[in-house]
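Visitor: Listed here are the chains, written in short residue letters.
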Amino acid sequence: MNMPTSPRVEYVSKDYKSDLKPIWCPGCGDFGVLIAICRALAAIGRPPHEIAFISGIGCSSRIPGYTTAYGFNAVHGRALPIAQGIKLANPDLLVLVAGGDGDGFSIGGNHISHAIRRNPDLTYIVMDNQIYGLTKGQLSPTSPRGLKTTSSTFGSLEDPVNPLLYVLGYGARFVAQGTPADMDGLTTVIEEGIRYPGFSFINVQSPCVTYGEPEFQIKAQKTRMQSVEKLGHDPTDRLRAMALAQEYGQKLYTGVLFRSSESCPTYEAAARERHKALAGSGLPKERILEMFLPR
Amino acid sequence: MSSDLAIGMAGSGGDGIVSAGESLINAAALEGYHAIMTKSFGPQIRGGESSCRLRIATKPIFNSGGVLDVAVALNWEDFLKFGAELPVGSHTIMIYESKTGVSQDMLPIKGAKPAVALAVPIGEMAKKNAGTDQAKNSVVLGLLAGWFGIARDSILSGILKKLAKKGAEVVAANERAFTAGLDYARSHPLPSAQEMSLPEGKREVNLVADGNDMCSAAAIFAGCEFFSGYPITPSSEIMHFLNREIWKYGGIMLQAEDEIAGIGAAVGASFAGKKALTATSGPGMSLKSEMLGLATIAELPLVCVNVQRSGPSTGIPTKGEQADLFQAVFSAHGDAVRPVVAPVSVADIFGVTVEAFNIAEQYQTPVILLSDQEIAHRKEILRSFNPSEFKLIERRRPTEEELDKYLRFRITESGISPISQPGILGGNYLALGLEHDENGAPSAGGEMHAKMNDKRIHKFAPLKQRRDLFIVEGDPDAPIGLISWGSVAGVAMEALSLGRAEGLKMKLLVPKLMFPVAEEIFQEFFASVKTGLVVEQSHQGQLYRLIRMYVDVPAGMESLAKSGSNPIMVTEVLERLRAMASGLDKNGV
Numbered sequence: 001m002n003m004p005t006s007p008r009v010e011y012v013s014k015d016y017k018s019d020l021k022p023i024w025c026p027g028c029g030d031f032g033v034l035i036a037i038c039r040a041l042a043a044i045g046r047p048p049h050e051i052a053f054i055s056g057i058g059c060s061s062r063i064p065g066y067t068t069a070y071g072f073n074a075v076h077g078r079a080l081p082i083a084q085g086i087k088l089a090n091p092d093l094l095v096l097v098a099g100g101d102g103d104g105f106s107i108g109g110n111h112i113s114h115a116i117r118r119n120p121d122l123t124y125i126v127m128d129n130q131i132y133g134l135t136k137g138q139l140s141p142t143s144p145r146g147l148k149t150t151s152s153t154f155g156s157l158e159d160p161v162n163p164l165l166y167v168l169g170y171g172a173r174f175v176a177q178g179t180p181a182d183m184d185g186l187t188t189v190i191e192e193g194i195r196y197p198g199f200s201f202i203n204v205q206s207p208c209v210t211y212g213e214p215e216f217q218i219k220a221q222k223t224r225m226q227s228v229e230k231l232g233h234d235p236t237d238r239l240r241a242m243a244l245a246q247e248y249g250q251k252l253y254t255g256v257l258f259r260s261s262e263s264c265p266t267y268e269a270a271a272r273e274r275h276k277a278l279a280g281s282g283l284p285k286e287r288i289l290e291m292f293l294p295r
Numbered sequence: 296m297s298s299d300l301a302i303g304m305a306g307s308g309g310d311g312i313v314s315a316g317e318s319l320i321n322a323a324a325l326e327g328y329h330a331i332m333t334k335s336f337g338p339q340i341r342g343g344e345s346s347c348r349l350r351i352a353t354k355p356i357f358n359s360g361g362v363l364d365v366a367v368a369l370n371w372e373d374f375l376k377f378g379a380e381l382p383v384g385s386h387t388i389m390i391y392e393s394k395t396g397v398s399q400d401m402l403p404i405k406g407a408k409p410a411v412a413l414a415v416p417i418g419e420m421a422k423k424n425a426g427t428d429q430a431k432n433s434v435v436l437g438l439l440a441g442w443f444g445i446a447r448d449s450i451l452s453g454i455l456k457k458l459a460k461k462g463a464e465v466v467a468a469n470e471r472a473f474t475a476g477l478d479y480a481r482s483h484p485l486p487s488a489q490e491m492s493l494p495e496g497k498r499e500v501n502l503v504a505d506g507n508d509m510c511s512a513a514a515i516f517a518g519c520e521f522f523s524g525y526p527i528t529p530s531s532e533i534m535h536f537l538n539r540e541i542w543k544y545g546g547i548m549l550q551a552e553d554e555i556a557g558i559g560a561a562v563g564a565s566f567a568g569k570k571a572l573t574a575t576s577g578p579g580m581s582l583k584s585e586m587l588g589l590a591t592i593a594e595l596p597l598v599c600v601n602v603q604r605s606g607p608s609t610g611i612p613t614k615g616e617q618a619d620l621f622q623a624v625f626s627a628h629g630d631a632v633r634p635v636v637a638p639v640s641v642a643d644i645f646g647v648t649v650e651a652f653n654i655a656e657q658y659q660t661p662v663i664l665l666s667d668q669e670i671a672h673r674k675e676i677l678r679s680f681n682p683s684e685f686k687l688i689e690r691r692r693p694t695e696e697e698l699d700k701y702l703r704f705r706i707t708e709s710g711i712s713p714i715s716q717p718g719i720l721g722g723n724y725l726a727l728g729l730e731h732d733e734n735g736a737p738s739a740g741g742e743m744h745a746k747m748n749d750k751r752i753h754k755f756a757p758l759k760q761r762r763d764l765f766i767v768e769g770d771p772d773a774p775i776g777l778i779s780w781g782s783v784a785g786v787a788m789e790a791l792s793l794g795r796a797e798g799l800k801m802k803l804l805v806p807k808l809m810f811p812v813a814e815e816i817f818q819e820f821f822a823s824v825k826t827g828l829v830v831e832q833s834h835q836g837q838l839y840r841l842i843r844m845y846v847d848v849p850a851g852m853e854s855l856a857k858s859g860s861n862p863i864m865v866t867e868v869l870e871r872l873r874a875m876a877s878g879l880d881k882n883g884v
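So the sequence lines, in the order shown, correspond to chains A and B. Number 193 in the working numbering belongs to position 193 of the first sequence; there are no gaps in the numbering. Counting the second sequence from 1 gives a position; the working numbering is that position plus 295.
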């Protein structure tokens, strides 16, 4: 891995890119996401050794290994609990989490709502491609109803999960969407998400070139995408954000849909407060057995 | 005079039976006795039947005893629900509420008739002296103090301290109830005196604790700074304790959204460099098992406590069993070896917990600590000790030199590679569930996979030489071998001392390192053994079978195994051993 050996004041995006060759298919949207993440990290300027990048399992979950940060390519669906453990254990780290729509909204679906309500300062990037790629083209939680795949020969009988509405419904405080069809916009929302002091969620429409439908590919996205900023959307309005999110699947909105204007302590900040309040109130460790003296 | 007394009491939820037991064990600790107290409840959330057993002795004891010397029934229906947990025998003194209207020669007990049956107006005395039924437990304590001479003053001062919060009136009422019980006992002496002798040896500082609390305190002492878990009986008290205490030491207690997130956050904290703990019971272990595989391949230290209960599935959540041994040892996917350790008592769980953290750190591995409901919930009087006698081990972090061209999974002679953590400049690496090369890059080649498996398994070789993780007692050349583990080892220990006292040539082996199986240590033990027993609380005899998988076991070794909630008695172990001994004599061995 090409890692800097001493901290520098300024970083460029290639400082965050490792030598490992991605397993992704040529033209995969995830290449764009990787570049956008590296650019955003360069703009923020934290040295790679102070960054922990956690993922689950899937094509997109390979991404931490393609960066120079400390990476953890863990088990399917469990990136968020692991990332929260890391952030709580060392709040000084910049913690990124990434994975696919199956990883986040199917097998790992229980963890998102709880990460949102704890509000740790980490950024969760979902590379949403409406399909399972690594396992060769099965139905995913965001696949549209009726979609024919290797596991739905006669068409899907289920409605898709709406990732944007899902996280907004659970009270997420920063919700954005991007696409590698708009690299500048994608880099900007990732940077904003990282800078947001709390849990931030970014849905990226990252097409699968091998199993994905034509309507999800970069070319089609370029004509479909619509910047919410240009629509004059007020990102502090949760209900308006939910109204836009409602159109997931029909419209492709990009930019920050919601950024809460209310302040809320992060889990780690609240923990730090508790530590301050209780510091020194425990028995010295070598005398800890005294708590079992009979009374 | 009596030197060892097993008392069992049962009543309905509101009768304060367990609270009486706690008063008794605290008082006994102050007076220098040894004691073990177990509690047992019906399945109701509140109310229902509750019971406790308390064995008090002048010498060290290792289990909660067999047939009761003294039984107290506040009502028969509740008492009988506990069946074999409160066994009455021909030497038992049976004390019961006279209001139940049962005549002394018509007791509703199956089997042996107790030596003495005493119908006592417990409720009436409580009403008359304290004005309330709720003081029945104070009356019972008075009766026990009067008839058996146990720690009278300490019991009374304990009750008074405990009730002080409830106001002077309640305190005075309970003192009257206690005195009434005491006076009743004095004016109705037992047919033969049963006063407890005073404890032997000089008075030392005693502690009273249960296994879950002691395990938690040990975790804090060992330097654990992160706990995450999900509530599950009978392990939740570990979460409760650490929730109260770990913050004071700069640590974190995270109540996770599920069992998987519970272990997941702990894995994350360990990756970030902290000593981390999670705790659960059987069903939770099943959910955690994928994440244990991840910790094995990513070589991350982690301690996972399983407080075993009766299974499978929900089973009997409030009752113990030793039937998760196979799960601990074999539930891994792939060739994953995970150390499994098991304490034998509350006194022992402190050291075993510290050792679990040490093994996790030293070998960069998840360690499963198999406790059980009995140890978790029983209260024990134990001699205080200096925890600083336990050495603490920290994971091997890379030196400056090793950070130059750092390889996280470098293949070393010991199989242990220096482990970096986020924040360390130059130590950047990719932790992963995928098979990988020395640098942490994913690798799908068979050669690398074999090498890495070899590294991850052979690093445990020195662990199998840890004789300090085994209890070996008795005659080294004995032909009769006894093996047991966990809380049941306490039954085997007593069987050993009684058996040897009656002339049986026997010895005992108790592994606290359950896996990897230390073949040499078992083989050495079996060298002189012709016959014997593996005693354990599981239907299949899981330890018996596990040993046979790895070690050549003498043909005469048999299994004494019972499902949970079926107490294993010292007497039945001895009976089997006697028969085996006479078999040896007949064969001229």
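Keep in mind that a hint or two might mislead.
To be verified - Not everything, but these chain B residues come out facing chain A in the computed CB check (under 8 Å):
id, residue
1, A324
2, S523
3, P526
4, L549
5, K569
6, G722
7, G798
It should be emphasised that the hints constitute simulated quantities derived from the structure, not laboratory data. We treat Cβ as the ideally placed atom computed from N, Cα and C, and that holds for glycine.
Visitor: It remains to establish, for every hint, whether it holds in the given structure.
Guide: Tested hints:
1. A324: holds, 4 Å
2. S523: Holds. Min distance 7 Å.
3. P526: violated, 15 Å
4. L549: Hint holds; L549 of chain B Cβ to chain A Cβ min 7 Å, cut 8 Å.
5. K569: This interface hint holds because 4 Å falls under the 8 Å limit.
6. G722: holds, 7 Å
7. G798: With a minimum Cβ separation of about 39 Å from chain A (threshold 8 Å), the hint on G798 of chain B is violated.
In the structure shown, a violation is registered for the earlier hints numbered 3 and 7, in ascending order.
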